[in-house]
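Using the sequences and the hints given, assemble the complete structure.
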Amino acid sequence: MDLELTEREFMYPGHVGCPGCGAAIAMRFVLKALGEKMMMVLPACCWSVIAGPYPSTTLKIPVIHSAFETGGAVASGVRAALDMKGDTDTTVVTWAGDGGTFDIGFQALSGAVERNEDFIYVCYDNEAYMNTGIQRSSSTPYGAWTTTTPGKDWKKMRKKNIVEALAAHRIPYAATASISHPEDLVRKVKRAQAVKGSRFLHIFASCPTGWKIPSEMAVKIARMAVQTNIFPLYEVEEGLHYTINYKPKRFPVREYFKIQGRFQHLKDEDLDVIQKMVDEDWELLLRKAGEHA
Amino acid sequence: MKQVLEGSQAVAEAVRLAGVQVVSAYPITPQTHIVEILSDYCATGKMNAKFLRVESEHSCMAALIGAQSAGVRTFTATSGQGLALMHELLHWASGARLPIVMAEVNRALAPGWNIWVDQTDTLAQRDTGWIQFYCEDSQEVIDTTLQAYKLAESVALPVMVVLDAFFLSHTYEPVDVPSQEEVDRFLPPYEARFELDTKNPCSFGPLVPPAVYMEMRHDMAAAMDTALATFPVIEDEFAALFGRRYGAVEAIACDDAEIVFVTSGTITSTARLVLENLRGRGEKLGIAKIKLFRPFPVDEVRKALKGAKKIAVIDRNFSFGASGIFAQEIRAALCNAPDHAPVFGYIAGIGGRDVTPEVLEEIYWKTKHNALPERESVWIGLQEVSHGS
Chain A
1 MDLELTEREF MYPGHVGCPG CGAAIAMRFV LKALGEKMMM VLPACCWSVI
51 AGPYPSTTLK IPVIHSAFET GGAVASGVRA ALDMKGDTDT TVVTWAGDGG
101 TFDIGFQALS GAVERNEDFI YVCYDNEAYM NTGIQRSSST PYGAWTTTTP
151 GKDWKKMRKK NIVEALAAHR IPYAATASIS HPEDLVRKVK RAQAVKGSRF
201 LHIFASCPTG WKIPSEMAVK IARMAVQTNI FPLYEVEEGL HYTINYKPKR
251 FPVREYFKIQ GRFQHLKDED LDVIQKMVDE DWELLLRKAG EHA
Chain B
294 MKQVLEGSQA VAEAVRLAGV QVVSAYPITP QTHIVEILSD YCATGKMNAK
344 FLRVESEHSC MAALIGAQSA GVRTFTATSG QGLALMHELL HWASGARLPI
394 VMAEVNRALA PGWNIWVDQT DTLAQRDTGW IQFYCEDSQE VIDTTLQAYK
444 LAESVALPVM VVLDAFFLSH TYEPVDVPSQ EEVDRFLPPY EARFELDTKN
494 PCSFGPLVPP AVYMEMRHDM AAAMDTALAT FPVIEDEFAA LFGRRYGAVE
544 AIACDDAEIV FVTSGTITST ARLVLENLRG RGEKLGIAKI KLFRPFPVDE
594 VRKALKGAKK IAVIDRNFSF GASGIFAQEI RAALCNAPDH APVFGYIAGI
644 GGRDVTPEVL EEIYWKTKHN ALPERESVWI GLQEVSHGS
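Here the protein sequences come in this chain order: A and B. All letters in the first sequence, in the order written, are residues 1 to 293 by this note's numbering. All letters in the second sequence, in the order written, are residues 294 to 682 by this note's numbering.
Any given hint might turn out to be false.
[Stated by the list, open to error] Selected chain B positions facing chain A (in silico; Cβ < 8 Å):
| id | residue |
| --- | --- |
| 1 | Gly312 |
| 2 | Gln314 |
| 3 | Leu345 |
| 4 | Leu357 |
| 5 | Ile358 |
| 6 | Ala360 |
| 7 | Ala363 |
| 8 | Gly364 |
| 9 | Phe487 |
| 10 | Thr491 |
| 11 | Cys495 |
| 12 | Ser496 |
| 13 | Leu500 |
| 14 | Pro503 |
[To be verified] Far from chain A, by Cβ distances over 10 Å, these chain B residues were calculated:
| id | residue |
| --- | --- |
| 15 | His326 |
| 16 | Arg486 |
| 17 | Arg624 |
| 18 | Ala634 |
| 19 | Gly644 |
| 20 | Ser670 |
| 21 | Val671 |
These are calculated hints, taken from the structure and not from any lab test. C-beta atoms are modelled at their ideal positions from N, C-alpha and C, and glycine is treated no differently.
This is how it looks when you write it as structure tokens:
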């Protein structure tokens, strides 16, 4: 495959992530796609730790760590300052986890996008508060065990559809991507970088620690999420124009769930419910993309 | 040039003159004219600044943290509930050593909804690492806001310029507004000590282990001490250009005073009048006006209160389960000083109630007629309240 990527690395060798960390893979590709003319806002998330403790860092770019719920707001301030200094070509990127995006940072994100602040917001999604000990977020999928949805209290609510929420803001560009499809991911990062205004990338980033899978399965499990339509790859322009980038063969969700420790308690009938949800969501997406099934 | 301005307008004029580049604000509690005027200045080009109309006070401070980290001079204004919502990020701004300046209009905290003056909102933020100035009139507001930038940038700590709701924020007074040339001589353009820079990539605010965190906090403590030493130098420079100085503590007729009032904010102006009246009747009253609350000017407080036989602290705020907050600070400042006078604590003017000359005279006579304080805090002017049957 041809990624048309620089050989230059923007991460130093070594980081403090867990073995097989999907978020670390996501960061490496996104940084290579963006290049050096960028600065990053890093609200509290796994990457607050992965980057390493003072005085070391694994990131070769300017980074401002920030409070959990401030990703959209701090980036607005950085952008405003750069504009006042006449620097309009440096890309400002917020790099946040699902908790900082779907939950506590949602207000600041919504505010920034409503103002159409000129920045890229990247949410790397590992479907729970992993860094703090695998607690449930509104991105945690239906059926999942977490330390705050234990035993019979496994999560009974759907995962929040964050891209739809952003599309409802008529954001100029929003897209999903996965660490399992780097060509697609890199293309979307570069595309986002070329757009003015607010841009949102939702990157599926597996977490072997929290999902209870072997670390060597990190990329494979992400690919399975795409191939089962659990995490479809698509883009939305101006909140209206949908493009589905990849149409999988629609493997049954059962395989994806069977190999993850976090779903081991689910019974066959639970998996049937989940299959129905995934099929519904896919039909809905097809309709939005004008591709009736 | 002399102009008749509200306290809010005085803040806005200072912010314009200071060459602030990013302003961010949110309208709760409610806001004051400060941000309306600055919006207008940004829209009409009277200021070359970007105005960020954020969706909350929390995001407001977060945006300023981002902007200041990217190397520009910033400003916001808030009040009461808004400041309470900002709390987490007040710690962040000071810990990141960002010289952000904020005007804070003291308003009471809900419930019940009360937008009138009460200092509990800002005093509840005393441990956030922000320098705090309390102002008496609009001239002091404009002067202090300009000094705040100089002090903040010299010690790398944020500054809160505090003014009373309505009694100062919405009251018109003649104010000497300095010219841009004069201000430029006092306050040069902002030069960041450190900033986000693609040519020199650094990480700000990462994970910090116990081996380093304590030293970082000690650096902040040292910067606060430096601020205490630097403020008089900045006042000297200011006085040389503009002919006005205030002092961290202003000791008014304290030399021969038997009873000294400790005041802050607009209550000081009323106290000045009461002092004149009582002195005319042979009563030896003095006033120690506290302008600088953080860092707390312990030495100057001790000096001002050295000769007093009794000290009467007037607090328009309250720390529940303890006492008035200025009274706590005064007691703490004096406890290791030899032979200090007893400290009488009075709570007055809570939630915007008027503190009239009569109220202050009542405080004076209560203090004079009691050898020692009856209680830690005496609430003045409480009415009988019937809670029904």
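Hint check against the structure, violated hint numbers in rising order: Result: hints 1, 9, 14 break, sorted rising.
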